[in-house]
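**Student:** Chain by chain, the residues run as shown.
Number of protein chains: 2
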Amino acid sequence: MSYKSPIEDFKYNLAMLNYDEVIAGIEKFKEYDSETLMSVVSEIGRLNEQEVLDSNKIGDREGLKYVTDGAEGPEVHTPERFKKLYDAVKTSGYVGATMPTQYGGGGAPFTTAILAGEIGIAANMAFYMGPGLSHGAMKTILKKATEELKDKYLPNMTSGEWMGTMCLTEPQCGTDLGLIKSTAIPKDDHYELTGQKIWISFGEHDLTENIIHLVLARTPDAPEGIKGISLFLVPKRLDDNSRNTIYCGGLEHKLGINSSPTCVMNLENAKGWLVGEKNKGMEAMFLMMNDARLKVGLQGIAMSEISYQNALEFAKERKQMRSVVKDKQDKDSKADNIIVHPDVRRMLMNVKATTEAMRALCIYTAMKIDLAEDHPDEKVRQEADDFAALMTPIIKAYCTDRGFLNCSESLQVLGGSGFTKEYPLEQYMRDVRITMIYEGTNGIQALDLVGRKLTMHQGRLLQNFQKEVQKFLSENKDNEEISSFIKPLENALNEVTASTMWLMQNGIQDPENALASATDYLNLVALSSMTYMWARMAKFSVGKNEPIHKNKIKTGTYFVEKIMPELNMYSKKVQAGKSSMMDMEVAEF
Amino acid sequence: MSYKSPIEDFKYNLAMLNYDEVIAGIEKFKEYDSETLMSVVSEIGRLNEQEVLDSNKIGDREGLKYVTDGAEGPEVHTPERFKKLYDAVKTSGYVGATMPTQYGGGGAPFTTAILAGEIGIAANMAFYMGPGLSHGAMKTILKKATEELKDKYLPNMTSGEWMGTMCLTEPQCGTDLGLIKSTAIPKDDHYELTGQKIWISFGEHDLTENIIHLVLARTPDAPEGIKGISLFLVPKRLDDNSRNTIYCGGLEHKLGINSSPTCVMNLENAKGWLVGEKNKGMEAMFLMMNDARLKVGLQGIAMSEISYQNALEFAKERKQMRSVVKDKQDKDSKADNIIVHPDVRRMLMNVKATTEAMRALCIYTAMKIDLAEDHPDEKVRQEADDFAALMTPIIKAYCTDRGFLNCSESLQVLGGSGFTKEYPLEQYMRDVRITMIYEGTNGIQALDLVGRKLTMHQGRLLQNFQKEVQKFLSENKDNEEISSFIKPLENALNEVTASTMWLMQNGIQDPENALASATDYLNLVALSSMTYMWARMAKFSVGKNEPIHKNKIKTGTYFVEKIMPELNMYSKKVQAGKSSMMDMEVAEF
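Protein sequences appear in the order of chains P and F. Sequential numbering of the first sequence, starting at 1, is according to our numbering. Sequential numbering of the second sequence, starting at 1, is according to our numbering.
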């Protein structure tokens, strides 16, 4: 089991995406040039040593203990090792790195969280869910809560002293939050919350003294459906350190992320305070959600990377069969390292070529989020926000679907060994599988893309993206050195345009057409965005002589030759429409 | 958790594939018309009741116990429930159903084993690996062993009193059996075998008194490599019931199939008897292997089917969100069953449309195997054998790759519930993952297809298949009622022809080109074969009015509209060749 942080690739992407120029436009980040950023990331990344990797396996095997007869109610015990690990994470400044210094944070750009996050997730995905979700909770409090609540809770959250959660789902509703039944009754200066929440990650644990829950519930006078949902802050411990009446009712037993507590949370007149406006809970919730969705996409990328590294290590050592090319045969052995075999290379390159493009797209989106939040020019902010809003469901869904396939493909490189618990690949595959489901299933991401992002502001979000790609094409159409990337990008843009047209025409006539093709359309736009990233990488690398530049051109060539045929396939699937699935009667399934 | 044997679909396929006409040509199976066949299958299929399904979950959770201090050496204990289950399997006649009556078998066609096998595997894949592998061992003994060995071992194996295994892999060689080190030294009337075998399924267990191992090893005078491998029969117990010196050295801990013992087997001067000719062990081994490969493909199909059934049950019950079509909304509820949603239907139809085509192809191949073995006309035998030889690696690889994706897609229908151990989907996905690896990884299947099957007899195998499809096209080109299937089939055949041409030309010039494109080529031919199956189903169903006929036409329409775009994608990938993966230096990965 091994892992090396992809520091060099991070640096490459920051340079390729003109990070320094972009960040220089934002006053508050003027100290955070790429060098500073990378030193912060490396500082946090230093955690990722054998200790973290080992804790990942221990966490999976040992799992969690649910103890019903704790001193103050049911308790969830994490593996012993996790406490030391969490202390190290606190000390490193990971938790509050991007929070304002006013509340004890590091004041770093959001991009930092994406780079450092990839390292943490790769090392121990289940464990890093805790700090990751806490970040979403902090961000929501920062943007929506009163000054009083911010002053009271944020400093202890940014330091990692306390952790935060998101409490959304109930037994009758996951996707469909309009069906929420939990109630919040006003009383004195606060509310009293009652109800049951399920699938609450890190809802209860022993890593921090206090846990700050953000809970969706209904006030007595609330209208029906999602327009009657409000958001509340419900701490595990109240000001006097007494226990609030929110308790863990049990843990889920799962395929993976065994050391991430997935809790049933029962509230019985638990004290809570409103966050944001009454009945505007969904809006506040989406602040958490968008942050979380991007990071779930990042989980797909991180797990692809560590799976790839482990498969590569195996492929360089395992000897089996002969190369068909005499010159490539190892004369000192009866068999060759399996990395000589084309089919093994095919698997490795599938993972490598997609992972690097997904990473570039994710870092680019993170930079756009920094621009959207803090650039002085409103037009820049708006365009950046459009880009991030468009890419969030794409990154969440595509990078997790692919992340799962990449973990499976990496496992396959190991053959029978990959199926055993002696190697970490089987755990990576089990762990990453949840990313396709939580924070909105990938089907829901596709509906968000087609139903919301594509139609908002008269289609401006996608049009801006198309313009950006078109501009790149116009600027580079005569660049002979990268013509092998320009043609595929033109093809990709044409396919996006054609499928979008199809979707608009047929989706307006009959919304089921848009819904039936949404997932295929998302994959199409994802692959187009990745093609755009590879074209930019090619342009940036061509004529440069360091190994990474040559490497990028070769890897990008694999992408356009061997991955891009998938793009045209999705385009055809989109335009095949709804009838073949909607004509089926329920009894015919 | 539920499962209903797909009896109706079996009957449909037998009728569609003219089973009765085919089998009537074989004297020894003259009693086995489709009605008799289905009554035998139903008899065996009756096992598949709650008992079997429950044992599957228990087997996964309870797993196996490795006991080092057994009375006669290390023992492997299966869950208590398995003994009752195995007794029921014995009584049903499953184990020896297709063995000759002379040795106590049922004398049924091989097709029986495929139909009954699908039911058994779906109910408990890990458990049914035992009887499945035993069948391969029996078949090898039947075809290759001396009369003495056959008389001594087969009757107890066909009754299920004893089980058989295949002992191939060693630590230094899985794929590359030429590297086998185990030795067999002649002594008196037998050999003494010494060595270590790994990943031996059902190598040790407590379900039968005796276990009959078929072991690959080298005699002292054997030439190097695969031309010096011989096959030996090594029983756990000798004639006097004393223990032979073959012992289980431990069990693997695995991602799935937790109740299938995967054993390290140590031989120390264990007594064995030669099966087949000396140094022709690989040939004998392939008898077991081809049988096993088809059944591994069948595992992919069976697991697709049971995953689909469970996803469907959930989709019909779970209510979440509203249909966009007012008329489809359930007025008595605040949300609709999720099967109204197009994206949920997309997932279900992906599984249904591929599973039914894979099943048809597998049954068709099983019928060809019956023809190849027992038809009086040599030409019929040879053509049938060509077909089976061509399809074996395709079914093994495609149906397991797709089987895994289908289990994952079915899990996705359940959302968060699918990720929990409350539902069986997560186990199905873990169990089915091994099928892509064992009995030759799917990469090896692709090499078998491209390197052996495509080139043997001057390409006759594929040419025969192309001719068969061409004949169907010519006969039906003016059949307006199925024109929506004929055009896609023409396209499929053209793509196969073009990619085969490309492979021949470029693979002869440079074998790495063929190896680099082998997996994509296999998928292309697989999808073409499935398109052919759908075209035949459409032809058979058109104009008929029972529900299954309408169902097939709708499901087939989904296949040609929504799955077939994958076929053209694979064709493009094939023709992209090797350079983008082979140009990478090892250090550049």
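Don't take every hint at face value.
Since the list can't tell identical chains apart, any single copy or any two copies may satisfy a pair.
Below, in silico cross-link-like pairs of lysine-lysine (DSSO-like), each with a Cα-Cα straight-line distance of 27 angstroms or less [claimed, not checked]:
no. : residue 1 : residue 2
1   : Lys65     : Lys278
2   : Lys316    : Lys578
3   : Lys181    : Lys334
4   : Lys65     : Lys421
5   : Lys84     : Lys544
6   : Lys187    : Lys90
7   : Lys143    : Lys181
8   : Lys227    : Lys319
9   : Lys28     : Lys227
10  : Lys421    : Lys181
11  : Lys487    : Lys477
12  : Lys487    : Lys578
In short, the hints are calculated from the structure, not lab data.
**Student:** Now, for every hint given, state plainly whether the structure supports it.
**Tutor:** Tested hints:
For a Cα distance limit of 27 angstroms, the shortest separation of Lys65 from Lys278 qualifies neither inside one copy, at 37 angstroms, nor across copies, at 58 angstroms. In this assembly of identical chains, Lys316 and Lys578 lie within 27 angstroms of each other by CA distance solely across copies; the values are 19 angstroms between and 46 angstroms within a copy. In this assembly of identical chains, Lys181 and Lys334 lie within 27 angstroms of each other by CA distance solely across copies; the values are 13 angstroms between and 67 angstroms within a copy. Proximity of Lys65 to Lys421 under the C-alpha cut-off of 27 angstroms is found in both arrangements, the shortest distances being 22 angstroms within a copy and 16 angstroms between copies.
Taking the shortest Cα distances, Lys84 and Lys544 never come within 27 angstroms of each other, neither inside one copy (44 angstroms) nor across copies (70 angstroms). With identical chains, the CA atoms of Lys187 and Lys90 are never at most 27 angstroms apart, being 36 angstroms at best within one copy and 69 angstroms at best between copies. Taking the shortest Cα distances, Lys143 and Lys181 sit within 27 angstroms of each other inside one copy (26 angstroms), while across copies they are farther apart (68 angstroms). For the homomeric pair Lys227 and Lys319, the shortest alpha-carbon distance between copies (20 angstroms) is at most 27 angstroms, but the shortest distance inside one copy (62 angstroms) is not.
Taking identical chains as interchangeable, the C-alpha atoms of Lys28 and Lys227 are never at most 27 angstroms apart, the minima being 36 angstroms within one chain and 72 angstroms between chains. For the identical chains of this complex, Lys421 and Lys181 are inter-copy neighbours only, at 26 angstroms across copies versus 42 angstroms inside a copy, given an alpha-carbon limit of 27 angstroms. Taking the shortest alpha-carbon separations for Lys487 and Lys477, only the intra-copy value of 9 angstroms comes in at or below 27 angstroms, while the best inter-copy value is 37 angstroms. In this homomeric assembly, Lys487 and Lys578 come within 27 angstroms of each other (Cα to Cα) only across copies, at 20 angstroms, whereas the closest approach inside a single copy is 31 angstroms.
When each numbered hint is compared with the structure, violations occur for hints 1, 5, 6, 9.
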